[in-house]
Amino acid sequence: MKNKNALLLTTVFTLLVTITTSNVFAAETTSVKTDEKSAEKKSATKQSYRASKKVPAMRNRVYAQLARAQKLADEGDKIEGFEVLAEVEERVDSLNSYERAMLFNFYGFMYYANDDIALAVDSFNKVIAETAIPDSLITATL
Numbered sequence: 013m014k015n016k017n018a019l020l021l022t023t024v025f026t027l028l029v030t031i032t033t034s035n036v037f038a039a040e041t042t043s044v045k046t047d048e049k050s051a052e053k054k055s056a057t058k059q060s061y062r063a064s065k066k067v068p069a070m071r072n073r074v075y076a077q078l079a080r081a082q083k084l085a086d087e088g089d090k091i092e093g094f095e096v097l098a099e100v101e102e103r104v105d106s107l108n109s110y111e112r113a114m115l116f117n118f119y120g121f122m123y124y125a126n127d128d129i130a131l132a133v134d135s136f137n138k139v140i141a142e143t144a145i146p147d148s149l150i151t152a153t154l
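Numbering (our numbering), first residue to last: 13 to 154.
Everything labelled a hint here was simulated from the structure, so no lab data went into it.
Source: prediction; values computed, not measured.
Each residue gets a CB set at the ideal place from its N, CA and C atoms; glycine is no exception.
Mixed in with the good hints there might be a few duds.
Pairwise CB distance ranges, derived in the manner of DEER restraints [to be verified]: (1) Ala130 - Ala152: 26 to 36 Å; (2) Arg71 - Thr143: 16 to 26 Å; (3) Asn126 - Arg80: 14 to 24 Å; (4) Tyr75 - Ala141: 31 to 41 Å; (5) Ile140 - Tyr75: 26 to 36 Å.
Go ahead and model the full structure; you've got the sequences and the hints to work with.
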């Protein structure tokens, strides 16, 4: 059971980081062709189905600490994993919104793996409360 939870936690965290970082760099735009009546106007450009937004990047130091916490949790040392997350949380004021969201997201998965659903839900609520995070992270959290 521990190996299943560790594998699930690793897979979800890896997919989440991959999806959110790839969506940060992707922006689709399409040109709208004007009809004959508005040929004199400049052709308008509109963005795809949703507006893109700027999202801060995760710094290497924060990523390394989250990865270390994940590795410890995967090895079955969840207490040490939570301690690493607590070290990151001590500097929560210096983290950008994306880093805070990923920290709370990881807390959520750790709590969920420990069957502490109330704390997991609380952590996931903190994720979606952050403002400048990728839509894919919000969707994955919901």
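Is it true that the C-beta distance of Tyr75 to Ala141 lies inside 31 to 41 Å, as the hint says? Given about 21 Å between the Cβ atoms, the range is violated.
Looking only at beta-carbon atoms, does the pair Ala130, Ala152 fall within the given range of 26 to 36 Å? 20 Å Cβ-Cβ, so the 26 to 36 Å window is violated.
Looking only at beta-carbon atoms, does the pair Asn126, Arg80 fall within the given range of 14 to 24 Å? 18 Å, holds
Does the Cβ-Cβ separation between Ile140 and Tyr75 fall within 26 to 36 Å? Distance hint for Ile140, Tyr75 is violated at roughly 21 Å.
Satisfaction of the hinted span 16 to 26 Å by the C-beta atoms belonging to Arg71 and Thr143: 18 Å, holds
When held up to the earlier numbered hints, the structure conflicts with 1, 4, 5 and fits the remainder.
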